[in-house]
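Since chain A is already given, all that's left is putting chain B on it; use the hints.
Chains A and B, in that order, are what the protein sequence lines are.
Residue numbering for the first sequence follows the working numbering, beginning at 1 and increasing consecutively.
Residue numbering for the second sequence follows the working numbering, beginning at 1 and increasing consecutively.
All the pointers check out, no bait thrown in.
Keeping only pairs whose Cα atoms sit at most 20 Å apart, straight-line, the calculated EDC-like set for lysine to aspartate or glutamate is:
| # | chain 1 | residue 1 | chain 2 | residue 2 |
| --- | --- | --- | --- | --- |
| 1 | B | Lys75 | A | Glu115 |
| 2 | A | Lys118 | B | Asp58 |
| 3 | A | Lys118 | B | Glu55 |
| 4 | B | Lys65 | B | Asp272 |
| 5 | B | Lys115 | B | Glu82 |
Covered stretches of chain A (in silico footprint by chain B; criterion: 3 or more residues with CB under 8 Å from a CB of chain B, positions within the stretch not fixed):
| # | stretch |
| --- | --- |
| 6 | 109-120 |
| 7 | 124-130 |
| 8 | 220-226 |
| 9 | 258-269 |
| 10 | 275-285 |
If you're looking for bench data, these hints aren't it; they were derived computationally from the structure.
Please read all numbers here as calculations on a predicted model, not as lab measurements.
Even for Gly, the Cβ is constructed at its ideal location relative to N, Cα and C.
Letter by letter, the chains look like this.
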Amino acid sequence: MSDLFQQTILVSMFAAMLRIAAPLMLASIGELVVQRSGIWFLGVEGSMLMSAFAAYTAALSSGSMYVGLLAAVLTGIAVHLSMAIAAVTFKINQFVTGLGINLLASGLTLFLYRESLKSYGSGNIPTVDPFETVAIPGLSRIPVLGEILFDQHLFTYFAFLMVFVAWYFLYRTRYGLELRSLGENPKALDTKGLSVSRRQYAALAFGGFMAGLAGAVLVLALTDRFVPGMTGGRGWLAIVIIIAGNWKPVPIMLAVLVFAFLEAFQLQAQGVGLQIPYQLLLALPYIVAIIAMMGIRVRSEQPAHLGVPYHRE
Amino acid sequence: MYPANLLNKTKAAVFGAAASVTMLAGGMVMAQSDVNIALMYSVGPESGWDKVVEEALDRVGADNKHGLNVSYDSKDAVYGEEAETVMNLLAKSGKYDIIISATAHSDQIKNLQGKYPDTMFVSLGSGNYNTGPNHYLLYGRVHEAAYLLGMLGAGMSETGVLGAVGSFPADDINDQLNAYKAGAQAVNPDAKVKISFIESWYDPQLAIEATYAQNAAGADVVYQLAGEVYEACRDRGILCFGLFQDTNSMAPDVVLSGTELIWDPAVEWVLDEWVKAKSDGGSFNGNTEPVWFGLADGGSDISPYHDLADKVPADLKDQIEQAKADIIAGTLEVPLVLDVPASD
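Looking at chain B on its own, in the form it has when it is part of the complex:
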């Protein structure tokens, strides 16, 4: 078990240079200032959503914030009762201070959080609800970046028709689609946006066929939210956008940009909350409304244009930079709309 009382006694001194001294005093082999995290995948490292969490953990871990040595183990995606068993074992092992689930595991956490009051549970993404004081909720919102992509798409489209291929109409997909449409219409009020859902997280053939279908209906810029599938874009020579990470290298001729989900501020927030709870007189104080970090906080962005930069007209680039600056300054607010968007 983690010696919480020891932490309380040594207060903030535990975090920092004094950590090693405490470690020796406590006679423990491991540094007291280690934070061990278990990350439960939603799909796996091949999914952009999971991969960007790992990358943020790597980056934030390297910063040694609060003097903490952050390490994490990634765990396979499991659901239902199996997920509860796995999380129970993770918590029971005493190895992990924080258990992050990258998917909707609130039902499972509900049965576990009371049993392991010293463990911090963190849920990422939609479909979660607070289950107790040691349960924290985070969203990965990239709707502001999606708004900028909509502007870019509408500026680049010759037909005035944009496409978007989604997995499921979950609310952290819908927020992006609605913002994408709003962004497109900010540049071209007559812009149409075709929206399809394939009802699968990963079915590349279906996603590609959905892209062909949208292209036949006039779409010449397509936002790919159901996996990095660019074969139809290459085949038809149309521009595509990626999701959550820079995927330009997978199809440099057609992937113009994409949303980027940067979890760093979220991970830092988790560590802040953990330190707060573990310091003198502190306790867990899980949030009921999910916290998210937008463009202004460095929580999202759009990918660079890479070799396609020359294709984007300078005034369109300026327009997008201006909108980005306005969002960061707070003068432009991208509405957060969670309704299932209608296809035009």
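So that you can see chain A by itself, here it is in the shape it has in the complex:
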């Protein structure tokens, strides 16, 4: 156990925690805004996956990482807006639509990836040249903490910044208040002459932007290529995290950090050769989530109108 408490190991583990947290945080904050507007969007995983594929294809074909990033964000927004058309305009069941989007995304990206792969030989799958981490001058020189906190990808800084932006938006602005009321009682807004659907479209577009970034960070920063199914449940985890974080930005951030820490811990424990059952560690985040959900059941902040299509009378 003492192997784990060496400085290099601790720095490695906590830096890994923040890297692992980045895509989860981006996706969760996006989904939080979506759910606060009353939409249960289960297609985060699919939206991330399509964005990741778009990032890879666009970055490779254009040779520019920024084009890849743009493609990812636009794809995320497009996928989320398809949910808006189905759920907001046509009032189709939100769960079915979200699940459908996931199935479509996994099949479509696999198909397109295989098609694009035909032109490459074995062992020669093209990779992108990932974004480098950005060390913040001065702060990154602080021993230990600086190495962990201030030598990360821009995506990671942005993800954490968005937690506070989301908090400020939801709790300190009029639009945020309107959005929250939307999830609780859309009729109240409607009777005041405020458009329900326009706000839900906007919330989903924001969610798509964030899911697009979450997909992009996987391909353009944390790894160097697309692999079918590479989101590996991270989009689903974002939904679990929202429930565990009780639909509030800061607790959601803490939930992301707990999940990311447990992942980083199990990887580092294996890395140093600690003789503990790592399968247990892999399951831990989910056990923690279930316990957290039981704890908050009684004082849930879940929007009352979540998942219920709004019909104007």
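Same frame as chain A, now just chain B:
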């Protein structure tokens, strides 16, 4: 249906120049000597494991062994009941003489082999068991190559610590990890090997994080068994090894070598068995113990060093060449250990 009786009558003459004559005599459009294979992926062509099977089928097919025209169709990876449905349809179509599954489909084959006694079923890799006379088992063992990588890694490591990132502790991953460790300790008895499993076939982010974690614990040469993920290797400037195929071109500065899984002798063996079964008086005689082909049979190797060749000291190269020659000659036996290896 395949005219087995016709084959029996015409005996070995079917295979070879006489094939076209038989074809005309039989009034069939297709050549009688065609062997049609359906290959069921374990993951897909993006996975090294599946890709190398296709390449071997291409190469062996081009050789026209026994005068056979080998053609194959690759099928998507499916599991569970769906896999049984797919294999049933493949067998029922009568289009395929051999159905190769690149993964553990023995449970499904068990329900099908009796129904299609003229179809040859072949299972590749761990988790399979024989289900009947027309079911053949093959392993893709590259543990001998992994042993050589262990030697190379230990010779190149400055810290004396090697890493290995695995997918699942399956026995055809464990055999490699144990051999890798044995090889490393043959060169440096004090060498340590860090072993991690990510419990996923393909999760590049996890595999990369596992590499970072091993590097923090001292590993400066890491064997990547969970996909071709070299971002952490590039970022940290450490050497990495690939799995099943030469992946140097994906990261030429850091991929020093890797195991290569060459299915050619296995595919040839399958064709031999098929011909034996289909010739006069022959019948399927599926093996209960998986067959595998090692270094000596040309079933595995290590990838060339490419542009990194200058980095490898000459005496280390010699040592590895010697070990390779000894394995081929049979004087050095790499133990086949299937236990889940402990990380040092």
